[in-house]
Amino acid sequence: NAGVTQTPKFQVLKTGQSMTLQCAQDMNHNSMYWYRQDPGMGLRLIYYSASEGTTDKGEVPNGYNVSRLNKREFSLRLESAAPSQTSVYFCASSLLSNSQETQYFGPGTRLLVL
Amino acid sequence: GQQLNQSPQSMFIQEGEDVSMNCTSSSIFNTWLWYKQDPGEGPVLLIALYKAGELTSNGRLTAQFGITRKDSFLNISASIPSDVGIYFCAGQLYDMRFGAGTRLTVKP
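Chains as they are written, first to last, in the working numbering: chain D, 1 to 114; chain U, 1001 to 1108.
Result set (SDA-like, lysine to any residue): computed pairs, CA atoms no more than 25 Å apart in a straight line: (1) D:9 - U:1045; (2) D:9 - U:1086; (3) U:1051 - D:50; (4) D:9 - U:1103; (5) D:57 - U:1005; (6) U:1107 - D:39; (7) U:1051 - D:104.
Here are some chain U residues pointing at chain D (derived, C-beta under 7 Å): (8) 1041; (9) 1042; (10) 1043; (11) 1045; (12) 1095; (13) 1098; (14) 1099; (15) 1100.
Because the hints were derived from the structure by calculation, they are not lab data.
Backbone N, C-alpha and C define an ideal beta-carbon position, used for all residues, glycine too.
The following block holds chain D by itself, in its conformation from the complex:
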């Protein structure tokens, strides 16, 4: 099992460019999540998908869109990147979305917006 995989590992964008971060899990989990991690702050939830076909906003959704493509894949899109979106992005998955289920994280995508 690869667990949670993310592509790309690194990306540099110019302000205004768009890109999609990809995430896939092979653990047959129902719920998937996107977080961003900034220096001196904990991970903050951008969007999550409790189950295939549903998505919901997290703590910091502005400037992002998501697509739950199927049970395995959950993508995060930046339509018009801004320097404030420079961050490390982590995808995570869990069997269910309730508070008893632990989340497993991917290795992260490091994004720099110039």
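Go by the hints and put chain U onto chain D.
Structure of chain U alone, referenced to chain D:
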């Protein structure tokens, strides 16, 4: 919102020493989790706590879910160089909130 205060922000210790870190919140949580993050990697779950008062160990790690459901601590005994990394607490009620992390450095 549900804010987590994690302390200390960083620790520099000698190999063999014990370590203690904690998280507090003004809100209650149903689950407390402790993760470790190595450089360039995603967080990896160390210990999960599901009940107020619960004390759980994982090798040299021990964590407790506070009775008030608003705090948790993590202890590492007899630290070794590979304990180096950033330790995050996380509390979960409806969604998961993370502390800012404790950066641990272990000097051989």
